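Once you've looked at the hints, dock chain G against the given chain X.
2 protein chains.
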Amino acid sequence: MCESNIYVIPSGVEDDEDGELFLEAVDKLMPEGEDVWRVTSIFGEQKIINGRIKSMHLVDHKILFELR
Amino acid sequence: MCESNIYVIPSGVEDDEDGELFLEAVDKLMPEGEDVWRVTSIFGEQKIINGRIKSMHLVDHKILFELR
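If you read the sequences in order, they're chains X and G.
According to our numbering, the first sequence is numbered sequentially starting from 95.
According to our numbering, the second sequence is numbered sequentially starting from 95.
Quick caveat, the hints were computed from the structure, so don't treat them as lab data.
Predicted, not measured: the structure shown is a model, and the values here were computed from it.
Just so you know, not all the hints are guaranteed correct.
As the list claims (entries may be wrong) - Partner residues aside, some chain X positions facing chain G, computed with beta carbon under 10 Å:
{"no.": "1", "residue": "CYS96"}
{"no.": "2", "residue": "VAL107"}
{"no.": "3", "residue": "ASP121"}
{"no.": "4", "residue": "LYS122"}
{"no.": "5", "residue": "LEU123"}
{"no.": "6", "residue": "PRO125"}
{"no.": "7", "residue": "VAL133"}
{"no.": "8", "residue": "ILE136"}
{"no.": "9", "residue": "GLU139"}
{"no.": "10", "residue": "GLN140"}
{"no.": "11", "residue": "ILE142"}
{"no.": "12", "residue": "ILE147"}
{"no.": "13", "residue": "MET150"}
{"no.": "14", "residue": "HIS151"}
{"no.": "15", "residue": "ASP154"}
{"no.": "16", "residue": "ILE157"}
Unchecked claim - Chain G residues, not near chain X, derived (Cβ > 10 Å throughout):
{"no.": "17", "residue": "SER105"}
{"no.": "18", "residue": "LEU115"}
{"no.": "19", "residue": "GLU118"}
{"no.": "20", "residue": "GLN140"}
{"no.": "21", "residue": "LYS141"}
{"no.": "22", "residue": "VAL153"}
Said to hold, decoys possible - Mimicking DSBU-like on lysine-lysine, the simulated pairs with C-alpha atoms at most 35 Å apart in a straight line are:
{"no.": "23", "chain 1": "X", "residue 1": "LYS122", "chain 2": "G", "residue 2": "LYS141"}
{"no.": "24", "chain 1": "X", "residue 1": "LYS122", "chain 2": "G", "residue 2": "LYS156"}
{"no.": "25", "chain 1": "X", "residue 1": "LYS141", "chain 2": "X", "residue 2": "LYS122"}
{"no.": "26", "chain 1": "X", "residue 1": "LYS148", "chain 2": "G", "residue 2": "LYS122"}
Ideal Cβ placement from N, Cα and C applies to all residues, glycine included.
Next up, chain X with everything else stripped away, as it sits in the complex:
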């Protein structure tokens, strides 16, 4: 399975490259508006993120959001 883990960092924090784990095993990411994303894990858990994507490394299973 090729899901990714989502990590988040607070807005304006430049030196936190790792972030905090927000949701594991994410399959789907859908934009719901300006800097609003609905993310769904392979287990069906859904969460909303208010932020924007800072980086995606799919082979490492890592997506990093910067919160707004």
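Relative to the frame of chain X, chain G by itself:
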């Protein structure tokens, strides 16, 4: 390996849910500005996309962009 294929659809086209293949086996996606993304495949090929993400289905290895 958990890379994704990137597909693109022209701006304003609502009924094209599949899109056209833009780049295969993408590992990294990095924002470079407002609706500008640098994407890199596992083979090192890089391309720039002027557009925004419309959907991501990681388990299906599919990321869809709407071009600007």
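Okay, the hints, checked on the actual structure:
no. : hint                   : in the structure
1   : CYS96                  : 4 Å, holds
2   : VAL107                 : 16 Å, violated
3   : ASP121                 : 5 Å, holds
4   : LYS122                 : 6 Å, holds
5   : LEU123                 : 4 Å, holds
6   : PRO125                 : 6 Å, holds
7   : VAL133                 : 9 Å, holds
8   : ILE136                 : 7 Å, holds
9   : GLU139                 : 14 Å, violated
10  : GLN140                 : 14 Å, violated
11  : ILE142                 : 15 Å, violated
12  : ILE147                 : 6 Å, holds
13  : MET150                 : 4 Å, holds
14  : HIS151                 : 6 Å, holds
15  : ASP154                 : 8 Å, holds
16  : ILE157                 : 9 Å, holds
17  : SER105                 : 15 Å, holds
18  : LEU115                 : 17 Å, holds
19  : GLU118                 : 12 Å, holds
20  : GLN140                 : 14 Å, holds
21  : LYS141                 : 15 Å, holds
22  : VAL153                 : 5 Å, violated
23  : LYS122(X) to LYS141(G) : 23 Å, holds
24  : LYS122(X) to LYS156(G) : 10 Å, holds
25  : LYS141(X) to LYS122(X) : 11 Å, holds
26  : LYS148(X) to LYS122(G) : 11 Å, holds
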